[in-house]
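Use these hints to put chain D onto chain Z, whose structure you have.
Residue numbers (the working numbering), protein chains in the order written: chain Z, 31 to 315; chain D, 31 to 315.
Hints are not guaranteed to be accurate.
Computed spacing ranges between beta-carbons, pair by pair [stated by the list, open to error]:
#1 GLU184/D to ASP239/Z: 24 to 30 Å
#2 GLY39/D to GLU165/Z: 58 to 64 Å
#3 GLU165/Z to ARG107/D: 51 to 57 Å
#4 GLN169/D to GLU182/Z: 56 to 62 Å
#5 GLU165/Z to GLY81/D: 44 to 50 Å
#6 GLU182/Z to GLN294/D: 29 to 35 Å
#7 ALA250/D to ASP296/Z: 50 to 56 Å
#8 ARG107/D to ASP239/Z: 30 to 36 Å
#9 GLN157/Z to GLU184/D: 49 to 55 Å
#10 ALA187/D to GLU293/Z: 40 to 46 Å
#11 THR155/D to CYS202/Z: 38 to 44 Å
Computed from the model, here is a short list of chain Z residues facing chain D with C-beta under 10 Å [as the list claims (entries may be wrong)]:
#12 LEU62
#13 LEU201
#14 SER216
#15 ALA225
#16 LEU226
#17 GLY234
#18 VAL241
#19 THR253
#20 GLY256
#21 CYS307
#22 ARG308
Since the hints were derived computationally from the structure, they do not count as laboratory data. The beta carbon of each residue, even a glycine, is placed where N, CA and C say it ideally should be.
Protein chains: 2
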Amino acid sequence: MTTPPLPPGPVGIVGLGLIGGSLGLDLRRLGLEVRGLVHRPQTAERALARGLVQQASTDAAVLAGCRLVVLALPLDRLLASDPALVAAIPPEVVVTDVGSVKAPVLARWQGLHPRFVASHPMAGTAQAGVEAGLEGLFQGRPWVATPSAATESEALAVVQALAAAVGARWLCCEASAHDRAVALISHLPVLVSAALLQNADRSGADLPDLVRALASSGFADTTRVGGGNPELGTLMARCNREAVAEALAGYRACLEQLERRLEQADWAGLQADLEQCRQLRPQFL
Amino acid sequence: MTTPPLPPGPVGIVGLGLIGGSLGLDLRRLGLEVRGLVHRPQTAERALARGLVQQASTDAAVLAGCRLVVLALPLDRLLASDPALVAAIPPEVVVTDVGSVKAPVLARWQGLHPRFVASHPMAGTAQAGVEAGLEGLFQGRPWVATPSAATESEALAVVQALAAAVGARWLCCEASAHDRAVALISHLPVLVSAALLQNADRSGADLPDLVRALASSGFADTTRVGGGNPELGTLMARCNREAVAEALAGYRACLEQLERRLEQADWAGLQADLEQCRQLRPQFL
Chain Z
31 MTTPPLPPGP VGIVGLGLIG GSLGLDLRRL GLEVRGLVHR PQTAERALAR GLVQQASTDA
91 AVLAGCRLVV LALPLDRLLA SDPALVAAIP PEVVVTDVGS VKAPVLARWQ GLHPRFVASH
151 PMAGTAQAGV EAGLEGLFQG RPWVATPSAA TESEALAVVQ ALAAAVGARW LCCEASAHDR
211 AVALISHLPV LVSAALLQNA DRSGADLPDL VRALASSGFA DTTRVGGGNP ELGTLMARCN
271 REAVAEALAG YRACLEQLER RLEQADWAGL QADLEQCRQL RPQFL
Chain D
31 MTTPPLPPGP VGIVGLGLIG GSLGLDLRRL GLEVRGLVHR PQTAERALAR GLVQQASTDA
91 AVLAGCRLVV LALPLDRLLA SDPALVAAIP PEVVVTDVGS VKAPVLARWQ GLHPRFVASH
151 PMAGTAQAGV EAGLEGLFQG RPWVATPSAA TESEALAVVQ ALAAAVGARW LCCEASAHDR
211 AVALISHLPV LVSAALLQNA DRSGADLPDL VRALASSGFA DTTRVGGGNP ELGTLMARCN
271 REAVAEALAG YRACLEQLER RLEQADWAGL QADLEQCRQL RPQFL
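Okay, chain Z solo, but in the shape it has when bound (with noise of 0.2 Å):
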């Protein structure tokens, strides 16, 4: 399939954090000029020292000539519009989002603006601020766009050449289907590997040098995301609220029958469980 290329004409990026600034250098690269609107004086000073954009300003009018606006902003400040960038956007121009939680940001944007695509294009790092952009962070990963019968197809069309353009890979789905699987395979684990590393603090609190020698790589790969940035894990348990809790209740029936196999010694019961364990896990890697 051949996807349209980029409508001519500069990119506006709102917000230069790791996935701004990881597209303002993709797109740079790329010979298109993009500009760059952030909150503090020193933050733009730092996006053109690393070359993230061509402009960057505290002021939205920097946005003006732009055809294409990508609205980078946390989960927060994205849901909270400012109606002086609300203002700065005219009607022409495709707004995307990069927001890990699809259903709120669609149900608020969707009235702000015509041409307003929601998209979640599935990077990260543990960084994340002015310095935290890289170069090729979207080679190879998902970008979701979550299109409603109100969205309009040629603004779909350009934040999928977008996501071509920067090596995504496209995908198309429901608002609530995406926030439900993120909340499955993102925003639970966070949950989940937070209350290892308090359980292992707490239960562990009579010795706590010894569980603390002795947690070895397994701890740490099942702790990371547990032992993340804490506003983000915060926001996305905020805003994927009833998905997340959801999640949570599935979840805690699973453990509850893993903790019955081990209550009534059924070790072929549990033994099979892990079995199964070990077939899933290829499927989603």
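Positioned in the frame of chain Z, the structure of chain D alone reads:
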């Protein structure tokens, strides 16, 4: 602190899987004579071909003349304590094991051999079997001994010398403390991680392709130990049942607290929990 040298004479290793095989490679590299007792003739052949040991046999007579014997058997076979094996180890020989649960092993073998020392070198890879052994596996890893009042101090010093010879970090603690600690940082994570895989499969049953397409490195890391060796996971739970059940109960309480934060929309509380986790994790690395 200087550790005493290993006693002169050959070292016997019973079982040449990942741990036994790796130990053989390291001890041979140090110029020691190593003899292996294995279950099947093909394993003896492969062990010799790989250079894990200088002599390998399915006959316990191969251990004659050894001054130190390491029982590198899976927990179930270790606890079954084959009478022919016990009879093949004279009382003057120092005997240790490598089992990942210590209280039942200590209880069983303390009565079987006067110079038994319960120990647990905490190293591993995802591999198993005679092809799995690696040089340098124990370098910098903890090697935990769990002596009781009945453990002979000279025998303990010999095992300490063995750990030092392969570059491991020596630790001593009570068997029950070891078992509680590994339940928290090793055995519980297997169940917690397995339940994540089961839940992604079950709760995502109506969107199976989407959950698989969107799973990323965070999900891969969090589920690594849950998708591991089912026999090993089951043996650990079975042999450390009480401590794992206790760890699960503590874990459930931690997860329920996080769940309440979500139910009550207590985002400040959730963020404080995740902030604490971010600070905790480096202590365990």
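So, going through the hints one by one against the coordinates:
1. Hint check: GLU184/D to ASP239/Z, Cβ distance near 27 Å, so the stated range 24 to 30 Å holds.
2. A C-beta distance of roughly 60 Å is found between GLY39/D and GLU165/Z, which places it inside the suggested range of 58 to 64 Å.
3. Between GLU165/Z and ARG107/D the CB atoms are about 53 Å apart, so this pair conforms to the stated range of 51 to 57 Å.
4. Judged by the Cβ atoms, the range 56 to 62 Å given for GLN169/D and GLU182/Z holds: they are separated by roughly 60 Å.
5. A hinted range of 44 to 50 Å for the beta carbons of GLU165/Z and GLY81/D is consistent with their spacing of about 45 Å.
6. A hinted range of 29 to 35 Å for the beta carbons of GLU182/Z and GLN294/D is inconsistent with their spacing of about 39 Å.
7. The hint said 50 to 56 Å for the Cβ distance between ALA250/D and ASP296/Z, and at roughly 29 Å that hint is violated.
8. A hinted range of 30 to 36 Å holds for the C-beta pair ARG107/D and ASP239/Z, which are about 32 Å apart.
9. Take GLN157/Z and GLU184/D: their Cβ atoms lie about 53 Å apart, and the range 49 to 55 Å holds.
10. For ALA187/D and GLU293/Z, the Cβ-Cβ distance of about 41 Å falls inside the hinted range of 40 to 46 Å, so the restraint holds.
11. Restraint check, THR155/D to CYS202/Z: a C-beta distance of roughly 40 Å satisfies the suggested window 38 to 44 Å.
12. Because the beta carbon of LEU62/Z sits about 27 Å from the nearest beta carbon in chain D, more than 10 Å, this interface hint is broken.
13. Residue-level restraint check for LEU201/Z holds (minimum Cβ-Cβ distance to chain D is 6 Å; threshold 10 Å).
14. Here the hint on SER216/Z is kept, as its CB sits about 6 Å from the closest CB of chain D, short of 10 Å.
15. Interface restraint check for ALA225/Z: the shortest CB-CB distance to chain D comes to about 4 Å, inside 10 Å, so the restraint holds.
16. Contact between LEU226/Z and chain D, as hinted, is supported at the beta carbon level, the nearest pair being about 6 Å apart and thus within 10 Å.
17. For GLY234/Z, the interface hint holds, since its Cβ comes within 10 Å of a Cβ in chain D; the closest pair sits about 5 Å apart.
18. Against a cut-off of 10 Å between C-beta atoms, the interface hint on VAL241/Z holds, since the closest Cβ of chain D lies about 5 Å away.
19. Hint status for THR253/Z relative to chain D: holds, with the closest Cβ pair at about 6 Å, below 10 Å.
20. A distance limit of 10 Å between C-beta atoms decides the matter here; for GLY256/Z the minimum to chain D is near 5 Å, and the interface restraint holds.
21. Hint status for CYS307/Z relative to chain D: holds, with the closest Cβ pair at about 4 Å, below 10 Å.
22. Taken as an interface hint, ARG308/Z checks out: its beta carbon lies about 5 Å from the nearest beta carbon of chain D, inside 10 Å.
Of the numbered hints stated above, those contradicted by the structure are hints 6, 7, 12, listed in ascending order.
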